[in-house]
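Number of protein chains: 2
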Amino acid sequence: MAKPGDRVKVVTKEGEIEGILMPNEETDSVVVKLDNGYNIGIDKKKVKKIDAVKKYSAKTEKKGKLSVNKKLPTISILHTGGTIASKVNYETGGVIAKFDPAELIGLFPELKEIANFDSRLIEQMFSEDMRFEHYKKIAGAVEKEVKKGVDGIIITHGTDTLAYSSAALAFVLERLNIPVILVGAQRSSDRGSSDAAMNLICASEFIAKTDFAGVGICMHEKPDDKNSVILPACKTRKMHTSRRDAFKAINDTPIAMINYDTRKIRFLRDYGKRSDSKLVIKEGFEDKIGLIKCHPNMFREQFDFFKGYKGLVIEGTGLGHAPVDPPQRLNINILESIKSLVKSGTIVVMTSQCLFGSTHPHVYTAAINLSKAGVVYCKDMLSETAFIKLSWLLGNYKDKEEIKRLIATDLRGEINPRIEPEQYLE
Amino acid sequence: MAKPGDRVKVVTKEGEIEGILMPNEETDSVVVKLDNGYNIGIDKKKVKKIDAVKKYSAKTEKKGKLSVNKKLPTISILHTGGTIASKVNYETGGVIAKFDPAELIGLFPELKEIANFDSRLIEQMFSEDMRFEHYKKIAGAVEKEVKKGVDGIIITHGTDTLAYSSAALAFVLERLNIPVILVGAQRSSDRGSSDAAMNLICASEFIAKTDFAGVGICMHEKPDDKNSVILPACKTRKMHTSRRDAFKAINDTPIAMINYDTRKIRFLRDYGKRSDSKLVIKEGFEDKIGLIKCHPNMFREQFDFFKGYKGLVIEGTGLGHAPVDPPQRLNINILESIKSLVKSGTIVVMTSQCLFGSTHPHVYTAAINLSKAGVVYCKDMLSETAFIKLSWLLGNYKDKEEIKRLIATDLRGEINPRIEPEQYLE
Chain A
95 MAKPGDRVKV VTKEGEIEGI LMPNEETDSV VVKLDNGYNI GIDKKKVKKI
145 DAVKKYSAKT EKKGKLSVNK KLPTISILHT GGTIASKVNY ETGGVIAKFD
195 PAELIGLFPE LKEIANFDSR LIEQMFSEDM RFEHYKKIAG AVEKEVKKGV
245 DGIIITHGTD TLAYSSAALA FVLERLNIPV ILVGAQRSSD RGSSDAAMNL
295 ICASEFIAKT DFAGVGICMH EKPDDKNSVI LPACKTRKMH TSRRDAFKAI
345 NDTPIAMINY DTRKIRFLRD YGKRSDSKLV IKEGFEDKIG LIKCHPNMFR
395 EQFDFFKGYK GLVIEGTGLG HAPVDPPQRL NINILESIKS LVKSGTIVVM
445 TSQCLFGSTH PHVYTAAINL SKAGVVYCKD MLSETAFIKL SWLLGNYKDK
495 EEIKRLIATD LRGEINPRIE PEQYLE
Chain U
95 MAKPGDRVKV VTKEGEIEGI LMPNEETDSV VVKLDNGYNI GIDKKKVKKI
145 DAVKKYSAKT EKKGKLSVNK KLPTISILHT GGTIASKVNY ETGGVIAKFD
195 PAELIGLFPE LKEIANFDSR LIEQMFSEDM RFEHYKKIAG AVEKEVKKGV
245 DGIIITHGTD TLAYSSAALA FVLERLNIPV ILVGAQRSSD RGSSDAAMNL
295 ICASEFIAKT DFAGVGICMH EKPDDKNSVI LPACKTRKMH TSRRDAFKAI
345 NDTPIAMINY DTRKIRFLRD YGKRSDSKLV IKEGFEDKIG LIKCHPNMFR
395 EQFDFFKGYK GLVIEGTGLG HAPVDPPQRL NINILESIKS LVKSGTIVVM
445 TSQCLFGSTH PHVYTAAINL SKAGVVYCKD MLSETAFIKL SWLLGNYKDK
495 EEIKRLIATD LRGEINPRIE PEQYLE
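So the sequence lines, in the order shown, correspond to chains A and U. When we follow the working numbering, the leftmost residue of the first sequence carries the number 95, and every step to the right adds one. When we follow the working numbering, the leftmost residue of the second sequence carries the number 95, and every step to the right adds one.
Honestly, the hints are just simulated from the structure, not real lab data. Values in this document were obtained by computation on a predicted structure and should not be read as measured data. Accuracy of the hints is not assured; some may be wrong.
Subject to a maximum C-alpha distance of 35 Å in a straight line, what follows is the list of computed DSBU-like cross-link-like pairs (lysine-lysine) [claimed, not checked]:
{"no.": "1", "chain 1": "A", "residue 1": "192", "chain 2": "U", "residue 2": "433"}
{"no.": "2", "chain 1": "U", "residue 1": "320", "chain 2": "U", "residue 2": "367"}
{"no.": "3", "chain 1": "U", "residue 1": "230", "chain 2": "A", "residue 2": "433"}
{"no.": "4", "chain 1": "U", "residue 1": "320", "chain 2": "A", "residue 2": "466"}
Generate the whole structure from the sequences, applying the supplied hints.
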C-alpha cells in the first residue's frame with residue numbers, strides 16, 4: 095500500500111495523476127503533490143486505485159536549487175523554524191522533522207518567478223522559546239544581508255511569539271531601509287491545507303513590487319486563500335490558536351493587502367518608504383523585566399516579587415487599573431508595593447488587558463493614584479509590545495527620565511494617537 | 095450663569111425647554127434632563143439664552159420612590175458600584191460621587207413600566223478591587239432575594255472585572271433558577287452619552303419577558319443604541335477600554351439580543367430555562383491561586399515564585415505553550431520548575447493568550463512535555479475564567495484528581511466543545 099511520501103499514480107475514472115502522496119487529515123480525499131509543486135485533492139470516491147511508483151526514501155528529497163534571474167530582485171530568507179518549517183516525518187509519523195531553508199524554497203516553485211532567493215539558517219526552533227539573544231542574532235543576520243544589498247528579507251518564524259519578535263526587530267533595526275517581513279504558518283508546509291505557500295508568495299510579491307521599508311508581518315487576512323495582509327510590527331497580536339487568519343492588527347489597520355490570485359497589492363494606509371538611510375542596530379535588551387497581569391484577589395507579594403527588576407509592565411484592567419484600594423482591614427497594600435518598586439528604581443508602566451482602546455491616567459481614582467506613584471501609562475500600546483519596548487529602552491538608554499518619556503512616545507508605530515472606530519473588532 | 099445641576103429654562107428660536115442642565119463633554123450642544131427622565135441635546139447655535147430657574151443643591155436630588163404594580167414582575171437590584179453608579183459631583187466637578195440604588199432607579203422612569211424594583215446596596219466600589227469575599231457577599235445577597243421569590247436580579251457592577259465576577263457567580267450559584275444579570279456602563283449614568291439606561295432597561299425587559307435562568311451580562315451590542323446583548327457568564331471579556339460595546343463573547347455567541355426601540359427579544363442560541371430547582375450556594379474560593387502570562391525571555395524564578403500556591407494558571411502562547419526548551423547552556427529549566435510545582439501539589443492548568451480557539455496538549459513537543467509533567471489543558475477556556483474556576487474548585491472540592499478532572503470539564507458553559515467559525519472576531 096502506498097504511504098505518504100511515496101511517488102504514486104492515482105487512477106481515477108477520469109484519468110491518472112502522478113505525484114507525491116501527501117499526508118492528509120481529511121478522510122474523504124487523497125492529496126497528491128504534483129511535479130509543478132501544487133497540491134491536488136482527489137475525492138476518494140473517484141479513486142480506483144493508488145499505485146506506488148517509487149517508495150519514499152529520505153534521500154530522495156531534493157534540495158531546492160535555484161537559478162539566478164538578473165531581472166528579478168533578490169530576497170534573503172532567514173530561517174528561524176516554527177510550523178512553517180515543519181513537515182510530517184514520514185519515517186516516524188510525527189511532525190518534528192524540519193525543512194532546511196533551501197528545501198523550503200524548493201517546495202514552492204512559484205517563488206522563482208518573483209525573485210532570486212538566498213537563504214540562511216538562523217535557528218530551527220519553535221517560537222515559544224525565543225529569547226532576547228535570538229533577537230540579537232536575527233538582527234545581526236539582517237544587518238549582513240542589508241550590507242550585501244538585498245532588496246528585502248523574509249524571516250520565517252513560529253507563530254506563538256511572532257508578534258513579539260516583529261516588535262523587537264522594529265525597535266532594534268533603526269532606520270531600516272528595506273522591507274523585513276516575518277512570515278509564519280498555522281499548518282505545516284507539506285500539508286494540503288498549509289498557509290505557508292500563500293504567505294511566502296504574498297510576502298515575496300510585496301517585497302518585489304513595492305517601495306515599503308520597515309518591519310511587517312505577512313499572514314492570511316481571512317481563513318480563505320484570497321488575500322494575505324501586511325500587518326504592523328508593533329500593533330499585531332496572535333488572536334487565535336489555530337486559524338490561518340489568527341493575526342490581527344489591534345488599534346491599527348493592516349498596512350497592505352495582497353491578492354493571492356491576481357497578485358494585486360493595495361496599501362491600506364501610509365507607510366515608511368525606502369530611502370538611503372543607514373541602518374543602525376540598537377540591540378540592547380534588559381533581562382530583568384517583568385509582566386504582571388492584574389486579576390481579582392491579588393496579594394502584595396505578587397508585586398513585591400519584582401523588587402530588583404529594572405522594569406515591570408502591569409497589564410491592568412479597563413483604562414489601566416490595578417487593585418490599589420482593597421478593603422483596609424485586609425492590609426493588602428498593593429499601592430505601597432508599587433510605590434516601593436518605583437522608589438527602588440524599577441520603571442513601572444501600565445497597559446490594559448482589554449487589548450483594544452487606550453489606557454488613561456486621569457479618569458478614575460485608581461489610575462490617578464498609580465500615576466502619582468510614578469507608573470507611566472503606555473496609551474494604547476499592547477502589553478506584549480510594552481514588554482519588548484521597555485526591555486529594549488533599558489538595554490539601550492541610560493537616563494531613566496528619558497526612558498520614561500520614550501516609553502510613552504511613539505517610536506515605531508507602537509502608539510496610535512488617533513484610533514479609528516474600524517480599528518476595533520471588525 | 096447656569097451650572098450643571100441647576101434647573102434651567104433654555105430659550106431657543108423654536109420655544110423653551112425646562113429641565114436640569116447636565117454636564118456635557120460635547121462642546122456644540124447643551125444637554126437638559128427633562129422631567130420625564132429623558133436627556134435632550136440642543137444645538138448651541140439655536141440657544142438664545144439659558145436662565146437658571148433654581149440653583150442646584152445636593153439636597154434637592156430626589157430619591158427614587160417607587161409604587162408597586164402587582165401585574166408586573168419583581169426585580170431586585172443589587173448595587174456594587176462602578177461607573178454605572180457614578181455621577182459628576184456638581185460641587186467638586188469630579189466623578190467620584192455615587193448614586194445610591196434608589197436614586198439610580200429614579201433616574202430612569204421607564205423602568206417602572208417594566209417591573210417593580212427593589213434595591214440593595216452591597217458595595218460602592220470600582221470593580222478592579224473586587225475580591226473573592228465580595229463574590230461571597232453578592233452570592234449571599236442573591237440567595238436572600240431568591241428566597242424572597244423575586245423574578246430576577248440585576249447586579250450593577252464596574253466594568254473592569256465584571257466578566258470575572260459573572261464567571262464567579264455562575265460557579266457559586268449552582269442550580270440557579272432565575273436570571274441574574276450583571277449590568278455595567280462605560281459612561282457615568284448622568285451623562286448624555288451614558289449606556290446605563292439602555293443596559294438597565296434591556297436587562298429588565300429580558301428578565302421580565304423571558305424564561306431564562308442563570309447568570310448573564312447585559313451590555314451594548316454595538317456603539318449605537320440599537321441593541322443590548324445578553325452575554326454568557328463564563329465566556330465574555332471586556333475587549334475595549336472605553337467603547338460602549340466593549341464586552342464580547344469569546345469562542346461563543348451572545349445568548350440573546352434586546353432591541354431597545356421595539357423591546358423585541360431574540361434568542362441567539364440554546365439557554366437554561368427556569369425550573370423548580372433549588373439554589374445551592376458553593377461559595378468557597380481558594381486564595382492561593384496565581385496567574386502567569388508567558389512571554390519571551392522568561393526565567394525559572396518567575397515560575398518558582400508560585401511554590402506553595404494551591405493553583406496556577408499558565409496563560410501560554412499559541413496552542414498552550416510555555417518556554418520549556420530554552421538554549422541548554424543558559425540552564426533555565428522552566429519545565430523542571432513546573433514539574434516541581436506539580437510534585438509539591440500545585441494544580442497547574444494551561445490556557446492561551448490568543449483568547450480565541452482552543453489549547454491542545456498533543457500537537458507540539460512543548461505541550462506534550464507540559465502535559466506529561468501534569469499540566470492540565472483547559473481547552474478553549476478564557477484565562478480569566480480558568481483563574482476563577484480553579485480557585486472555586488479548590489475552595490469547594492477536596493480530591494485533587496477530581497479537581498483536575500473538573501477543571502477540563504464543562505460545568506457552566508465555560509468550555510465550548512464545538513467552536514463555530516462565526517465565534518471568532520466578527
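Does residue 320 of chain U pair with residue 466 of chain A here, judged by a C-alpha cut-off of 35 Å?
violated (39 Å)
CA of residue 230 of chain U to CA of residue 433 of chain A, is that 35 Å or under?
holds (31 Å)
If you draw a straight line from the CA of residue 192 of chain A to the CA of residue 433 of chain U, is it 35 Å or shorter?
holds (28 Å)
Does residue 367 of chain U sit within 35 Å of residue 320 of chain U, going by the straight-line distance between their CA atoms?
The given pair, whose Cα atoms are some 26 Å apart, holds under the 35 Å limit.
Consistency note: the structure conflicts with earlier hint 4 alone.
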